[in-house]
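Please arrange chain B with the ligands on chain A, whose structure you already have, making use of the hints.
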Amino acid sequence: MGIEFYLFLLINGLSQGMVLFIVASGLSLVFGVLRVINFAHGSLYMIGAFLAFSLSTLLPAGSIFSFLLLMLLVPLAVALLGLGLEIPLFRRIYGKEHLLQLLLTYALLLILDDACRLIWGGDIRNVARPDLLAGSIKFFDMFLPTYNVFILVVGPLIAVGLWFLLYRTRAGNLIRAAVSHPEMVGALGVNVSRVMTATFMLGCWLAGLGGVLMSALANIDLGIGMEKIIECFAVVVIGGLGSIGGALLGSLILGVGVAFIQLPLSRAAIVFPYFAMALILIIRPWGLFGKPER
Amino acid sequence: MVNTISTYYPVAIEMNPDILKIENLVKSFNGNTVINGISLSIAQGELSAIIGPNGAGKTTTMLSIMGLNRPKSGTITYRGKDITGHAPFKIARAGIGFVPEDRRVFPDLTVLGNLDVGRRTPKNKSKKWTLERIYKLFPRLQEFSHRNAGTLSGGEQQMLTIAGTLMGNPDFLLLDEPSEGLAPIIVKVLGEFIEVIKQEGMTVLLSEQNTKFALKHADRAYIVDNGSIKFEGSIDELEQNAEIKKRYLAV
Ligand SMILES: Nc1ncnc2c1ncn2[C@@H]1O[C@H](COP(=O)(O)OP(=O)(O)O)[C@@H](O)[C@H]1O
Ligand SMILES: [Mg+2]
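Going down the list, the protein sequences come from chains A and B.
Taking this note's numbering, the leading residue of the first sequence gets 44, the next gets one more, and so forth.
Taking this note's numbering, the leading residue of the second sequence gets 409, the next gets one more, and so forth.
Pulled out of the complex, with its shape left as it was, chain A reads as follows:
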């Protein structure tokens, strides 16, 4: 096996890692601002993937515009679903004891997963890649799958976009201010519950976008939500809960790690996230980019 093969593995690992980053950054953002660990986040990602599948059957196949339309509409739909969950449910559990939060979000995971089973059934699905992204790109004298390269472009764009939103806009200032003193943000005349709803919706939007991208990267079935939420937990433990940079690094470590371990030891790849998580918990319990609790 030549270098070409390893490069292929790397590209594959990085693109899996990028999708993971997009999903995990949503989980991390929601935790950072709202202090709720949303167990149902993976289910929202899965709903995004299945919605992309259903919608793709209605759109002209092979067209790049169809796919871009999926990327536009599906995350919005998942964000709207998030709005429908935040106002009656999540809003009530901010600042409540962890057990209550866990109960609610875990119950939601079960409900949403079963709803997917009812709607989409147990079949394995995927979304056909648009023609423009279906082939491969020549890179020196190697061929790389265009779709993976596309994801490697989208992932960093999302990372930069998130950074810009959080660190360069007033909305970002409000979101980050609400992390430390939400009641003070309110006393300054800001409708904090709106900031929180918007943050939650952004987290859901990211889950939905991850779902769309995954639907054409690999097969999707009813297990992907659970699989992704576990990976997301590993990512936020490795990178540090609430840190976007940490989510990026953690996701890439995980994606590339799994891709390379899968090769000699396909079964070991399953435990790699746990192994990496345990290692971090031992040497740096607050994660690579996190801050120790004061």
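Not one of these hints is a red herring.
With a Cα cut of at most 20 Å, we get these calculated SDA-like pairs of lysine to any residue:
#, chain 1, residue 1, chain 2, residue 2
1, B, LYS498, A, THR240
2, B, LYS624, B, ALA451
3, B, LYS536, B, PHE601
4, B, LYS498, A, ALA214
5, A, LYS139, B, ASN438
6, B, LYS498, A, HIS224
Covered, in the sense of this in silico footprint (three residues per stretch, anywhere, with C-beta under 8 Å from a C-beta of chain A), are these stretches of chain B:
#, stretch
7, 484-498
8, 501-508
9, 523-531
Just so you know, these hints were derived from the structure itself, not from any lab.
Glycine included, each C-beta is placed from N, C-alpha and C at the ideal position.
Just chain B with the ligands now, kept in the frame of chain A:
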């Protein structure tokens, strides 16, 4: 001399309508009454001080005004409107600015970011407090505008909290124990600042344990102890009341 608008204008100001009225405020925590029927009225353009020892109920009163706690009974009226129990952001939008006692800056935001959070232009009003004016009043904040607020000294954080609240262009300011824990030189800067905003016609409710500081800047004083008002009146009246001075001001 012909009466012009300008000669009538001061007369209108002298009427000093009450901007804030608290009637019979009661607040308890787990059955312990900590505010026991406080009433006060604050006239437009005046600086009123709530003076009292630690635990007297000053902060609790301010939090009630701001909607940050829910009183057991009593009403709070601002410009004739009942605001009791309204959401803090609505109370802020009505024109009340709050500077809490514990310097609640947003530590992970830059100084500029902190000011940005507070920025607000009330409807039908000119932007009185711009970034330039804030920086002129607190030059240190300009110098440190790109530093994280968490790295500032206590005094600088206090100035930043005040500045952030001013960015919302309030017309009534609650200052909760602003001089507490500050070095004397910073207290002096704070005093100068208070004189500047008084000159501008800002209405202020100042809570203090530091009697000397409060009396130096106040037009009117309320002395609170154990959740109720023991004295209210102008500073002159307070100066003439030997008994109150002896009992509560330790002079
Ligand atoms: N959240 C709270 N829970 C229980 N007791 C409180 C709470 N906040 C204030 N108190 C009590 O109310 C009384 C008045 O407190 P406070 O208003 O902070 O006084 P001050 O600001 O005058 O020092 C104190 O006895 C304090 O212990
Ligand atoms: Mg106090």
